[in-house]
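Novice: The chain contents come next:
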Amino acid sequence: MTQKLLDITGIGKDRLHLAWVSSAEAQRFVDVVTQTTATVKGLGKFDPQEFASALSAAEMTLGGEALRWLVGKEVKLTTSGDVYGRKWDTERYESVLDAMLEREYYKNLIYQAVKEGCTSVRDICTRVGLELKKVSYLLADLEKTNQIEFKCMEDRKPVFAAL
Amino acid sequence: MDKCIACGLCAEKCPKKVTNAFDAGLAKRKAIYVEYEQAVPLKYAIDENCIYFKNGKCKACEKFCPTGAINFEDQPKELTINAGAVLIAPGCAVYDPGLYDTYGYKKSPDIVTSLEFERILAATGPFGGHLVRPSDHKKPKKVAWIQCVGSRDMHPGSQPYCSGVCCTYAIKEAIIAKEHEKGELDTAIFYIDIRTHGKDFERYYNRAQAVGVRFLKSKISSILPSETGNLRIDYTDKAGLRVEEEFDMVVLSVGFTASHKALDLAQKLGVETDQYQHALTSSFNPVRTTKPGIFVCGTFESPKDIPQSVIESSASAAEIEALLAESRESMTLTKETPEEIDVKGDPPRIGVFVCNCGTNIGGFLDVPDVVKFAKTLPSVVFVEDNLFSCSQDTQEQITQVIKEQNLNRVVVAACTPRTHEPLFQETVTNAGINKYLFEMANIRNQCSWVHSNDSAAATEKAKDLVRMSVARAGLLEPLYDPEMEVNQSALVIGGGLAGITTANNLAQQGYVTHLIEKSDVLGGQALNLYETWQGEDVQKKLAGLIKAAEADKNINILTNTQIKEVSGFVGNFQTTVETAGTEQVIEHGVAIIATGAQEFKPDQYLYGEDQRVLTGLELDRKLIDDNLALNEIRTAVFIQCVGSRIEERPYCSKVCCTHSVKNALKLKQLKPEMDVFVIYRDMRTYGLREDLYREARAKGVAFIHYDFDKELVVSKNQNDLNVRCTSYVLQREVEINPDLLVLATPIVPPRENPVASLFKVPLNDDGFFVEAHVKLQPIDFATKGVFVCGLAHSPKPVDEAIAQGLGAASRAATILAKDTVQISSLVSQVDVEKCIGCGLCDEICAFNAIILEDPEGKGYKAKNIPASCKGCGLCAASCPQQAIDMLHFRDQQIIESVCAAM
Amino acid sequence: MADFEPKIVAFLCNWCAYAGADLAGVSRLQYPSNIRPIRVMCSGRVDPLFIVKAFKEGCDGVLVAG
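These protein sequence lines are chains U, E and X, in that order.
For the first sequence, position 40 (counting from the first letter as 1) is numbered 40 according to our numbering, and the numbering increases by one without interruption.
For the second sequence, position 159 (counting from the first letter as 1) is numbered 322 according to our numbering, and the numbering increases by one without interruption.
For the third sequence, position 49 (counting from the first letter as 1) is numbered 1114 according to our numbering, and the numbering increases by one without interruption.
One chain only, chain U, in its complex shape (with noise of 0.2 Å):
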């Protein structure tokens, strides 16, 4: 999941590296290190600078209620079923969180955006790189959990700011 986020915030999922090592397989620890550290030399330096709002917005979705309550229901909702007692299918599953990702990612992206000036619909969109319909979508989720607030018109256009 968090590698899928590294992707959609243009990090790369390859800077980040999962294996199962057991406390025998010396070898195979041997193995995932030099690979790892092979395909992260290859990716080159990481610019935390560039990436502020990026990483700011995806800390915002990690640390965040939905998506936490998404991932520690996985075992549940794949092996038991929801509360209308429907057992999802692993492909299902992963399709609702891919959504809620991006979804929540976005949103946590506009938030960074408006809080660092952007105040307008197209500033916004100039700089998370989402289409109109798409922000204006996402701002209004975002008001209705009082996380910014529309604050006056200027110059005929809605402008912003963060809470």
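Rather than coming from a laboratory, the hints here were simulated on the basis of the structure.
Incorrect hints may have been included.
Taking lysine to any residue pairs in the SDA-like style, the calculated list, with each CA pair at most 20 Å apart, reads [as the list claims (entries may be wrong)]:
1) X:K1118 <-> E:Q1044
2) E:K345 <-> U:Q27
3) E:K1033 <-> X:M1106
4) E:K226 <-> E:G288
5) E:K335 <-> E:G288
6) X:K1121 <-> U:L18
Taking CB as the label site, the calculated pair distances span [said to hold, decoys possible]:
7) U:E74 <-> E:V937: 24 to 32 Å
8) U:E74 <-> E:S384: 55 to 63 Å
9) U:S136 <-> E:P510: 48 to 56 Å
10) U:D14 <-> E:Y263: 55 to 63 Å
11) E:V937 <-> U:E94: 30 to 38 Å
12) U:G42 <-> E:V937: 35 to 43 Å
13) U:D14 <-> E:M164: 34 to 42 Å
14) U:L97 <-> E:G673: 50 to 58 Å
15) E:Y1023 <-> U:E94: 26 to 34 Å
16) E:K981 <-> U:E74: 37 to 45 Å
Heads up, incomplete: computed chain X residues facing chain U, CB under 7 Å, no partners named [said to hold, decoys possible]:
17) A1084
18) G1085
19) L1088
20) A1089
21) L1094
22) N1099
23) M1106
24) G1109
25) G1126
26) L1128
27) A1130
28) G1131
By construction, the Cβ of each residue, glycine as well, lies at the ideal position given by its N, Cα and C atoms.
Starting from the known structure of chain U, arrange chains E and X on it as the hints suggest.
Specialist: Same frame as chain U, but now just chains E and X:
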């Protein structure tokens, strides 16, 4: 030995090369060595090949040893120990196929034993884990396994019994070899019967077939080198036809054989042995030798696998605990520790000790530079380097420095906390510092040793590791391992053979034991058994055990009783039980699940329609009752695996083959002229039970290996029963008209077992309980304080059920013997202010260690149960409110390390 | 680029990968020195937030091994 730090310099310098027995002779080691990497204690030893011992010159190891740990003068010492009981576990030897060399083992390097093959597959083995054949180091394309080498064989040197483990290990080796070569390997196992009778082993056999391991029922004529440099196996197949096939490599699945050392020991102790030189025991006392006070476990008792050996080790501990109950804790010493200094609120004063570990760290990275660097770190007030931080004198010196410098946090940069943290924790405790205010930086195992060719990079990494540890150390808090009182009584659920055994033993150890049974009598399935495979009268012995339980005032027997509710945790369970409509709460410290299983009643082969068709236990009942009608029978047929080893019920019930063979022999004894047939798929008379199988064949019982893929039909022709199947050997259909048909049906667990959900312990797909570890913890659950034994765990015969019943008692006693349980401090902590009582943590915790509580009626809050918590931290990483943190591994402590890494 | 030595934070489970890493040391196996191991009691402890934090601090890669 205390001085050796296992740096390995001695072995590096030792000029004498010796064949490495641990690598099954496939590689070399030095005359000074450790047997294998994970040896405990990890200390080097010199063997008789040492040049100095032979010529009086060399001593290279002594010259290079950085700690002066070499002592050439060491002599064997004779010790006198006064003991109330003796347990012997001398094991057995492995058959040497070179002795009579029927298979040409000595002639071709590519014929190896299964143990040699294990080493070839091992990453630490002679070929670095690459599957190559010894002769030319080329990858083999085809590997064959030959089963029963030295077992089930009447030839001189071999053993007539079955070793019981080789089928499963050969399957394991074939699967691993196949996985290793990513499927590009042909594997074939040549066998007589595949005996995968252990728990879940049949599934493993099925899996092997699914991944393409070939199984060939055969008799081997010869294995000879072919013109192409390979090995040609000549064999007769199951239809009796002669076949040849070439392989690149042949593995001999060697079995167990008698150990002379073990026999010597037994003779010295006056312990009697059987004709195969195993310690004599009986089914009802499986770990008692013939000499009172001397107990036995493992393969010296009879051939067996790891889980059974581990079960027996616990069983013998239980016997000894009961025998020596009176003198329990009479020799215990208490350790004194100085009073702890309160450091709360004081700013951190960190001391850093950097270990050179002789040359193990100092030789590869710049320790003075690391020391210099450490001095610059915030809150660090003292830094020094030691030659060996772990040596006795340095330990004392560190204690002194802590006092002099008023240190309140200590970091040791040395080897790994996995081996040395407890030692240093003791050191700081001796200086009055809480042991959780100590931190290690692993600059040896994970730095100097693994980056030995780049000193600069290793030094840089070591500095970072020290900085990370110091950063973390500054945030450490003192913690106190809580102690909980233990209710020193046990609840045994199920009054069958295993449950009664557990209760009797615990009572003998002095613990109050509640034995609850669902039905109105004790005894369980054993009430239906006639004789054990060794010929003991089950009813007589069982009656004796029940009588003992009833007479013991430590045992509270509750029949007609069921469990309604369970709460609590290790040391403090409260279980509500209902006896004939009345409920009561039993408080107990541990629970032993012995809920059993029963014989499957089939719905095929005219069972229930014709009185002449019985199950195995129904025949036992007739034998117990001395039913004279049995003498009238002319022809008896046993059909094996009725309802077993099929898709719906894929497991093997382990006991049925021996049971049928035993009863076939009994019928022959009652009436020698009776025709007795056993129709089977694989005859699984494992271990010493093979003797019965041989005896049965000698006495004229006819065994028909039938084609499972073709039909087996039981029908009624007028009044005659008719059994029809296809024999492999005869390659044709066989018809028998028996007047007794015995169906060997599986052992099945109850369809619904409320005990599993009440104690929140898992069941497998077949309905048997899942132990904490199949090999090493066959009686425990992952949940502390709950244990399993008997048929509830898996199908097993009387002797194994008793051994496991005893084992459960000894596992339970590890908790009951103490007044309190010490609980780890490394558990989760819920911030009740942040917690909204959503219950996600309760749901995801695998150990049942978080519950929801509403003590004040202000809404539910999560609460950690330290006694159950394993400190994994999943709850903390998942909490939607981020309301959970882990003690000693707090978010902030980890994040601080992360920041310091940069 | 050839001289670039990344820093990689590695979260290692005490019972599995950390033990495996110790054994690699005992066996004197060699591997790149770029990783900075952090011992945790279980890889389940690794909150994704730790990973983001590592990137924020400027580490070039993260390894989680259980």
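Novice: Taking each numbered hint in turn, which are not upheld by the structure, reported in ascending numerical order?
Specialist: Violated: hints 4, 13, 23 and 24.
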